Amino acid sequence: MATKASAGVTGETGGDGVPSGVRRRDFLNVAAVSFAGVGTVAALAPLIVQMSPSADVLALSTTEVDISKIQPGQGIKTQWRKQPIFIRNLTPKEIAEANAVSLSDLRDPQSLAERTKPGKANWLITLGVCTHLGCVPLGIGEGENKGPYGGYFCPCHGSMYDTAARIRQGPAPKNLEVPEYKFTSPTTVQIGS
Amino acid sequence: MSFSWAKPYEPKHPAMKWLDERLPIPRLVYGATGPGYPVPRNLNYFWNFGVLAGVFLTIQIVTGIVLAMHYVSTADGAFNSVNQLIMRDVNAGWLLRYAHMNGASFFFIVVYIHIFRGLYYGSYKPPRELVWMLGLVIYLLMMANAFMGYVLPWGQMSYWGAQVITGFFSAFPLVGEPIRVWLLGGYAPDQAALTRFFSLHYLLPFVIAGVVILHIWALHIPGSGNPTGVDVKDEKDTLPFHPYFTAKDGWFSASFLLIYALVTFYAPNYLGHPDNYIPANPLATPAHIVPEWYFWPFYAILRSFTLDFILPAKLWGVLAMFSSILLLFFLPWLDKSPVRSGTYRPLFKRFFWLMVIDVLILGYVGGAPISAFRTALGQFAAAYYFLHFLVILPLVSKFETTLPLPNSISESVLGKRGTMATAG
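These protein sequence lines are chains A and B, in that order.
For reference, each letter of the first sequence is one residue, going 1 to 193 in the numbering used here.
For reference, each letter of the second sequence is one residue, going 1 to 424 in the numbering used here.
Pulled out of the complex, with its shape left as it was, chain B reads as follows (with noise of 0.2 Å):
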């Protein structure tokens, strides 16, 4: 579906005729991307991550097949082709491997701010249940590939990580540790489980970039979202897409490409762990193991279960931790508040930022060494974790007093447009 006054695709060239009747790729490309995809007119920055997530998994697609013409997926010699070959020997192999490696962090970077701007703006909120639903699918993906992706380089804490991870499975009663050595292929991982994970880290990029297609797909059938959460009502709330957002799109990609060159460039190893530069070693465990900066939050869920309760300690952490990513697909129906974006609900905004450093605390619990007082944190915000998402979120969509929406995007724009004329 599309708007009715989106501009309709019309090929002047003949060779462009000739193409539109046989294979209307440019057809799509002009209705998805181009002028014939309107957009809420009053996007803001906020509405630059799609694109740019996009643009990272180009990226990280791009360095990853490259990095892959170099790699050894052998216990013996992948952290040699990584640290030696790589980082030394191949030409440009330092910046490929750099970029490859910080592209996931700041990959995560720009999805953290993406899901931030959807839960603010609910964006999950009909009629885009499934956009949202996809968008955690994809999220999952990563979450997945960046995992598999850091034990490549088979330091410390790429055996650890791939030690402790694969350890959740064992979690479960009987079929546990049988399910850890199907997908480890031995009993503590090595060749097997590396050659596997180098694989199924080629692979899922391209999952992952199927999944944005139907992101996109779904988003695309009612259109985008407005920090209004107002829908679109006739063309004056409206600008096509191109040029008018990927002008905006490209100049904001550009800017945000320079933070992460600047990272990439300067800082390189700031966001990784330097035991990751030591062998892996299966006879002996770093003594501070922590996952990327990434899963700090999730990993603060998994360790804030310290006692036994009906179940073991362990697989409460193990569930809890699934858990609170697999809620966020429920999320539409726990919150059925009417109105879409959070600057119009005040008390929805105030739990909303608790929320925010709810999990702010979970990531610097799951970054930091354990305490007894930091363990007692974690516990206090796992819990809020939970609490904010299936108690304090659906009761405030039922009592909260919403402010009045203004009656139309454009209204929105130009109201703010006549106050701002009349101040000056």
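The following block holds chain A by itself, in its conformation from the complex (with noise of 0.2 Å):
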């Protein structure tokens, strides 16, 4: 019993009385090493979560717009998150237009009826962000290249959206993104929650 203790053996042995080979020393090892790891970990968390949305970013989460003076077939431009956004008031030709497209003939199968909130097809409400790679498309200002499509054009790498912003022609891959939005009033509309 003398080799146990002065070989640092631990109290486990097999069942024959001959040591297990786990020694003390393995032991603190692993648990040291173990330990200094968890703790690295938790020290790189406020390191990592800092370059994430800060508190003074996410405020300005929600934005109150007047859309009482936009005329069928005019829209304007916003800005929501610092993101531009297009709100525009679809006119009986666009919507038909964008009613008459089969669903399977799209890259991102979308109705304008899912895009737009009951009763009120005529309001589309999208982020003014290409899905390709964030420019800005044009259409929405009055002259503007609105594309064959009827919708938005963007000039960076040809995208083409319809009268319901869902992509038809180029490289983005997505419709333009419809925000979380509500009626306020029926001449009130406020983005984000």
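What the hints contain is simulated information worked out from the structure, not anything from laboratory work.
Bear in mind the structure is a predicted one, so any value in this text is a computation, not a measurement.
Wrong hints could be hidden among the right ones.
Here are some, though not all, of the chain B residues that point toward chain A, as calculated from beta-carbon distances under 10 Å [as the list claims (entries may be wrong)]:
| hint | residue |
| --- | --- |
| 1 | Val-164 |
| 2 | Ala-188 |
| 3 | Gln-191 |
| 4 | Leu-283 |
| 5 | His-288 |
From the three backbone atoms N, C-alpha and C, an ideal C-beta is built for every residue, glycine too.
From the two separate chains plus the hints, produce the assembled complex.
Structural data, given as structure tokens:
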């Protein structure tokens, strides 16, 4: 039993009294390194989360917009979370064009009804951020190039959107994103929540 | 390691002896860039661009540190601090800013020639694979740093460059968009992004300097390559770095800096883009958005994917663009020909020049506005780029009959002189 103490063997032994090979020093090594590892990972957390949007950025998360002045066929560009927002009052012709497209022809199939609020099919509210690489498409301002599908045209890499702001041609993978919004009155929209 | 005939460092002055026994920095310099580093005697001018890259790194760090003393890294103040304060009010500010701006372009010119040299003379081959790979790490760091530096003046191109390049990350499914928002610290480039880019733009050059030390360290184990690609055999093949190559590097750097000075003083905005003198406007994208010229070939590869095929076209473009550089890390194993120098590889040489032309075409396509013809040309050139490195190069190195190599560096040098003498 003298060997047990001098070799630093732990109390654990096999059935025949032979040491199982785990030394107290091994345990201390593993424990110390694991503890330091967990501590290091924990210390990384603040270094990583400080990069995420800060409270002042998140505080800009809702915007109220008065849409009473937008006539059918017109649109405005506004800002939400520092990103451009397109608010467009579609004409009946533009709504009909959007509804005439078969969903199976679309890269990112969505109907106009899915992209607008019930009973407000004329109010098309999307981010003005091309889903390719984030440029601002043309077509919301008076006289801007709306592209061959009558919606939006991105000048950077030639993505073309239709009157429901759905991607029809070009490199963008998705339709222009519809942000979370609600009508707080018939003429006021609150973007964000 | 050094060659056995390298001159040993023997300090004579008692103060130098005292220092050598305590902190042998002079010994290190003597052995790395002094008479203690024997260099092949047949180096041509392409071998000057490594030192020149170091010169430009120094210029960028020095001018950059000084500019940071005047620059204001706020979304409201950045544009004016560059274009009003630094360009008009700060004494010699215009010179420092133009020197830094064009210094970046010239740093890339020098590094591209340095990479070209490495590709032609097979500098990536054993035993210098790690030298090559560390060089690529430096190149990647340079690109990241150049991008962040370009964002700092907060002009239209700065802003939309930041938007497009961070947009690359949104190509990755699920994690992409959260990563993009995390990198920007917001949903679009703004104050948080600008400040962190400034912080990192100040940091990365010192990281680059660290990797440069590793790059030189790894180079000095086997010693410098040379235009014949033949290994150094004895003392006749080499000359001490100092005074021979310090003098040559000094003269060549001075000549090259003359071109840099010409552009900086007489055409300082030639390599830039006028739209970056318009303050950043998050609501309007410039009609023709292009990166700086040194990114054009990669931008062309990015744009050359226009159709979804299993993965979205956008993701293909981003993956292809990153892999166009990452594949260079595998070059030592893609080109297994034992002959290093392109001079003795007739077939390799032809395809090498085709690849150079191909990259120039990609550069043209990446910098020009989109048209149906240029998109098709870019797609062809992008495909050929990958074909060259992944298919042609391995096949050439397997089947090519190379020309006979000279027996030694000194023979190749003296042989030339011999024929010149008889012809004369």
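Hint check:
no. : hint    : in the structure
1   : Val-164 : holds (4 Å)
2   : Ala-188 : holds (5 Å)
3   : Gln-191 : holds (8 Å)
4   : Leu-283 : holds (5 Å)
5   : His-288 : holds (8 Å)
Hint check: no violations occur; every hint is consistent with the structure.
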